[in-house]
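As you go down the protein sequences, you meet chains A and B in turn.
Per the UniProt record's numbering, the first sequence starts with residue 1, numbered consecutively.
Per the UniProt record's numbering, the second sequence starts with residue 1, numbered consecutively.
It should be emphasised that the hints constitute simulated quantities derived from the structure, not laboratory data.
As the structure is a prediction and not an experimental result, all values here were calculated from the model.
Note that CB positions come from ideal geometry on N, CA and C, so glycine has one too.
Be a bit skeptical, because a hint or two may be false.
[Said to hold, decoys possible] Coverage of chain A stretches by chain B, computed from C-beta distances (three or more under 8 Å per stretch; other residues unrestricted):
#1 27-35
#2 139-150
#3 240-249
#4 292-298
The lines below spell out each chain.
There are 2 protein chains.
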Amino acid sequence: MAEALRVALAGLGTVGSGVIRVLEANRALIERRAGRAIEVVAVSARDRTKDRGVDISRFEWIDDTVALADVGADVVVELVGGADGPALALARATLGRGKAFVTANKAMLAHHGLELAEAAEKAGVPLKFEAAVAGGIPVIKGLREGAAANEIARVQGILNGTCNFILSKMEAEGRDFGDVLAEAQALGYAEADPSFDIDGVDAAHKLSILASLSFGTRPAFDDVAIRGIRQILAGDIAEAAALGYRIRLIGQAELGQGGLFQRVQPQLVPQDHPLAHVTGSTNAVVAEGNFVGRLLFQGAGAGDGPTASAVIADLIDIARGEAGPPFAMPVTALADAGPADTGARRGRFYLRFMVADRVGVLAEIAAAMRDAGVSIESLIQRGANPDGSALVAIVTHEAPESAIAAALERLRGSQSLVGEPMWMPILA
Amino acid sequence: MAEALRVALAGLGTVGSGVIRVLEANRALIERRAGRAIEVVAVSARDRTKDRGVDISRFEWIDDTVALADVGADVVVELVGGADGPALALARATLGRGKAFVTANKAMLAHHGLELAEAAEKAGVPLKFEAAVAGGIPVIKGLREGAAANEIARVQGILNGTCNFILSKMEAEGRDFGDVLAEAQALGYAEADPSFDIDGVDAAHKLSILASLSFGTRPAFDDVAIRGIRQILAGDIAEAAALGYRIRLIGQAELGQGGLFQRVQPQLVPQDHPLAHVTGSTNAVVAEGNFVGRLLFQGAGAGDGPTASAVIADLIDIARGEAGPPFAMPVTALADAGPADTGARRGRFYLRFMVADRVGVLAEIAAAMRDAGVSIESLIQRGANPDGSALVAIVTHEAPESAIAAALERLRGSQSLVGEPMWMPILA
């Protein structure tokens, strides 16, 4: 049996402690699969004395996180988080020293993945990040290796468990966003400052990584159009359900003639689409290859056990000597696609207006749609709130996105509308 | 760039021709991902002149399949099929010559996988078989690498597209088995002799491979209990649906204190289980790891494009030098678990009787259940056929399987029953 793979671990939050716990609990099995033992030798975290439920006294303690790059380890695991700061400094230092690096840090990869991949390739060492996207689901491996024979045309995913938990609960219980968010925060499913999750930024980080692996393009986080779930009303979910759809926050990327399309936004998902059945904090990714067809990967998108499982899968690959280039091909082979024009995208759309209690409201909306060249498939106006306002939900026939934007522009400032209208694509 | 990986290809049916077509269509992309070109150099098949829609004139033609082991190739791909015969001879010859071997042949792996893995390990060459289980879905990779940090307690799958196509169609259209089978045969979804598929043997081959990879045990096909879908009536599907279940042919394996449980049989799947939503010829596998939780892999289980995609994923791994031991760990490290006693398994069950038109039928069935210690959760008797017989469907409370067998034994030969009763577990 080969010598143990020595691991230095930065960050001892729930995931970092989870890595130690899983390595202990499944020690013999992991050794059989990796062909050698995997041993934590050094750790670094903010607080040395905090009780984490795992014994860290047998590991070398390093006060300065970045100094982990210099201890006698073969690989550094970074679970500190943050796009920059100590995480990035540690990544640079580790790869600079010619050591392997494993991370769950999607923000850092979205912003600096290309630089770090270049450094890893220059040093000839692995840089791996299975845990950065969709937690325990081996979707990075599925795309970069399992579907490697395919030109992937499209990838779609439910990439943020907090949003999916909130949307599922709104759906199951008919409750409003703010109400469910407060409960999710109380239960620990949402952060005290939830904006990173519910505004779609976290999903966008992950999407930019998936897109690069799927298409062989350079990661382009800055080109992801992002909209979160704050605007969604219980009424939207009810109308969508009546029409046969569920509302999910979808990260979607496509590579076409017009460039790279990347977007995170809520969408109406038809009941016969596999993503419609993903409830609670579960994550799922659908990738469409030109020969394999549609693949679905689904599982726990967060949590200490699943995330630790993904981190250790990377360590086992490294122990086996099966790492390969970080983005599935050398950085120099990645294409620079440029962003696609989204206005030309065609599809069906859901539009929702809160309208005032006055004559001619529907005529005004219908005229704006007609003048923008958007044909209405169905329109529902239901009841009225105590203040007299009512919800109008419209599903359109196929139209370009630019026409939807034009229709909404025509209605801007209208006295008929209460608040901002909302639109969502219907996922095809 | 490294030299091309040279491939010798045995079998030019739809999958073999598909491999050639995908390698051509996605040539540049595959080369970028593999780090080198993948070139077919020699082929062998039954008929040299048949039109397959791909040009094979530029490849060396080998009449004797087994002689492919001797051509100047780095890897031999076997798509001939059959547990023994030329496929096995070619596998032995190739590994004996110290060359890599890729196969989609689940029957051969189920019967001779251990021998071939030993030969591959002795020669220090890859033996890979992603295409052997669930077609294009990278589930072999997902289990042997993606979930490698986990002790997997249980794996469940829809592993035969023909059966799932038939069951889905019976369900959607309320039709009987024989009727739908005939249509599936006419459409090419079922073989002229369909027994291999519909009697569960094909699914059992795949299950034995999945179980080995999941649990780190030696493949044990002979210990798989197998029952197919011939006995299922339209009435079973209707009663199951009324109770909130769908009937699927499930391959299921568990490793516990009592040994290795492996079974292929139709089961009632609750609507909230991910396998309930798998329709048509789609395949899906659910694996439950002790830290990652429940993972779902879903996609096309057969067809030339998906299967070729999986074969080429293996070739790309080999081109990258990322193969590892065939069964995820050396053969010597695989455990010999021994079969579990299924009688002790507890669960809920569906039982169906066709009963004669006579007094006291229900009393007799109810008494047999009571005397065997099986408690009834619900019982439905519906209408009557023209001959006076009627269908009685029962769902039990939790009970050991041995008690179900005892109840049925008590009813053996009863004048109240028309034909054989049928029982299925309810998937938990």
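Any of the earlier hints contradicted here, and which numbers? Of the numbered hints, just 3 does not hold.
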